[in-house]
Amino acid sequence: MRMFERSFEKILFTAALLSASITLLIFIFMLVLGLPLFREGLFWDLLSDPWMPQQGLYGIYPMIISTMSIAFLGFLFAFPLSIGVAIFINGLAPGRIGSYVNTAVRLMTGIPTVVYGFVGIFLLIPLMRTILQGGSGMCVLSAALILAVVIAPTMILFFISSFKSVPNAYLRSATALGATPIQKLLYIVVPSSWNGILTGCVLALGRAMGDTMIALMLAGNAVAAPDGIASAARALTAHIALVIAADVNSMAFKSIFACGIVLYVLTAFFTAVLRLTTSRRAAS
Amino acid sequence: MHTHFKQFVMILTLMSIVALGIVSLTMAGSLASFTGEKGTLKIAGGTAHIPVMKAAAKQIMQAHPDIRISIAGGGSGVGIQQVGEGLVDIGNSGRKPTEKEIAAYGLTLFKWAIDGVGIVINPHNTLTNLSQKQLQAIYAGNVVNWKELGGADHTITVYTRDEASGTRAVFWKKALGKGAITPKANFVVSNGAMKTAVANDPHAIGYVSVGHIDETVAPVALNNVIPSLESVRNGEYPVARGLYSNTREEPTCLTQKFINYLFSKEGQALVAEKGFIPVK
Numbered sequence: 080m081r082m083f084e085r086s087f088e089k090i091l092f093t094a095a096l097l098s099a100s101i102t103l104l105i106f107i108f109m110l111v112l113g114l115p116l117f118r119e120g121l122f123w124d125l126l127s128d129p130w131m132p133q134q135g136l137y138g139i140y141p142m143i144i145s146t147m148s149i150a151f152l153g154f155l156f157a158f159p160l161s162i163g164v165a166i167f168i169n170g171l172a173p174g175r176i177g178s179y180v181n182t183a184v185r186l187m188t189g190i191p192t193v194v195y196g197f198v199g200i201f202l203l204i205p206l207m208r209t210i211l212q213g214g215s216g217m218c219v220l221s222a223a224l225i226l227a228v229v230i231a232p233t234m235i236l237f238f239i240s241s242f243k244s245v246p247n248a249y250l251r252s253a254t255a256l257g258a259t260p261i262q263k264l265l266y267i268v269v270p271s272s273w274n275g276i277l278t279g280c281v282l283a284l285g286r287a288m289g290d291t292m293i294a295l296m297l298a299g300n301a302v303a304a305p306d307g308i309a310s311a312a313r314a315l316t317a318h319i320a321l322v323i324a325a326d327v328n329s330m331a332f333k334s335i336f337a338c339g340i341v342l343y344v345l346t347a348f349f350t351a352v353l354r355l356t357t358s359r360r361a362a363s
Numbered sequence: 154m155h156t157h158f159k160q161f162v163m164i165l166t167l168m169s170i171v172a173l174g175i176v177s178l179t180m181a182g183s184l185a186s187f188t189g190e191k192g193t194l195k196i197a198g199g200t201a202h203i204p205v206m207k208a209a210a211k212q213i214m215q216a217h218p219d220i221r222i223s224i225a226g227g228g229s230g231v232g233i234q235q236v237g238e239g240l241v242d243i244g245n246s247g248r249k250p251t252e253k254e255i256a257a258y259g260l261t262l263f264k265w266a267i268d269g270v271g272i273v274i275n276p277h278n279t280l281t282n283l284s285q286k287q288l289q290a291i292y293a294g295n296v297v298n299w300k301e302l303g304g305a306d307h308t309i310t311v312y313t314r315d316e317a318s319g320t321r322a323v324f325w326k327k328a329l330g331k332g333a334i335t336p337k338a339n340f341v342v343s344n345g346a347m348k349t350a351v352a353n354d355p356h357a358i359g360y361v362s363v364g365h366i367d368e369t370v371a372p373v374a375l376n377n378v379i380p381s382l383e384s385v386r387n388g389e390y391p392v393a394r395g396l397y398s399n400t401r402e403e404p405t406c407l408t409q410k411f412i413n414y415l416f417s418k419e420g421q422a423l424v425a426e427k428g429f430i431p432v433k
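First to last, the protein sequences are chains A and B. So in the working numbering, spot 133 of the first sequence is number 212, and the numbers just go up one at a time. So in the working numbering, spot 52 of the second sequence is number 205, and the numbers just go up one at a time.
In isolation and in its complexed conformation, chain A is listed as follows (with noise of 0.2 Å):
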């Protein structure tokens, strides 16, 4: 029983450092692979140029733009929509309702994006239009919008289970004390579930920077850097998926792995901020 349980632990170890290691492994092989970039020095030209195949360029630096731009506007649309959201589930819904509009939550996490993508097209686009006057209705604005309602339900999700976890006794004082719903809301929960809220945020945030399907369909994929949020923009990821065709010689080829890199210290980046900023508090 004993060496049951023990070679049982060993097996699970394995799983955790295989999976732990797959992370690191994918930045070993796009940083190997991207490694004649480096050596002719033109990773960091590649930063900044604009994409002009035509001309001998093959810049990213529109791309870079773009993907911050569509995934900070979406994630600003989405931010408080969640926190209304979740606030809303966990308390001032009237009876059921709150639980039926987290059934409902739960459901969108598991659409696909391009069925989101597809509504989009055919819904939103044309809005945009006739809107925006001028212009395709496909851009940086049109689909940060769809991406708010892609990342929300992570957001909403984690929001709910960090406000569950705030110890009852908290609350029962709080009541005691003749607190208000909203108060409570205000001045126990959200500052209790501090940690839950962040971690949300920058799950949302790494998935609109990933997401390829929405920029895709939606933001216009035009090569040059957009210049307002109603022009039309390509994201890094779409960027990938219109290149990777490519032949596998050429530069513009072996550029998109500048964009996986790119894409990767982002995302990164923002994960180390979290994680950072959640320690220095649990310390303090």
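I should point out that these hints are in silico values taken from the structure, not numbers from a laboratory.
Heads up, simulated DSS-like pairs for lysine-lysine below, C-alpha to C-alpha not over 30 Å straight-line: (1) K253/B x K333/A; (2) K300/B x K348/B; (3) K348/B x K331/B; (4) K331/B x K333/A; (5) K348/B x K326/B; (6) K333/A x K327/B; (7) K333/A x K337/B; (8) K333/A x K249/B; (9) K333/A x K326/B; (10) K333/A x K195/B.
Here are some of the chain A residues that sit facing chain B, going by a computed Cβ distance under 8 Å: (11) G299; (12) L321; (13) V322; (14) A325.
Source: prediction; values computed, not measured. Idealized CB from N, CA, C, for every residue including glycine.
Chain B: place on chain A using the hints.
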């Protein structure tokens, strides 16, 4: 009376058997060559090819349920790359693979149709003709309003395809004369997506395979020549290319039979039916 009815049913049954026999005889042709074959055939690449590929696959799979044919898009670049790497059996391309690609992957080329690439706009747009100069100016981003071309006062939305597209390669070379494409152009990933985009955007301009042009989009004449089957066939409309299906040097039996089917009478009839120009 009763026996009469029985006889009637018998005759009806016989007649339907004969009729079925005749149908299957006429179907036989080259579909019969697939008899005894089974397995999966994977096709990917050029999106202009898809209507013909789908129709051919449907015919073959209905007659021979043991054969599975999967068809994916991705663009000509993807087709050449994937067949080269051995990921698919047939890689389609809407341009002739380059000498380099043929040599590197050891490709065999089969050109089974000729297709034009036509300029399309939304049917609400009244424009009917563009000179090559005007077209170049639009795609270069120098003419940005329909007003400058005698249309409504509205920004032109330029649509183009990604670099892996054979349709783009041909359009860029023969219609734009290798002219610039504005970085503000919107990118779509297939002929189908281009058609949807232009059909839904009243201010759009784009280009699709002539076989894909239908009533949802309006073709525009280039230098007074309307892109149509007729004008592509007689060479009047210059923006044309072959549709290729590429295989590795030694295709499997099923792959070879599929290619043969495309060149058969039935296959070429499908080509014509889907709006392309048969090679035979």
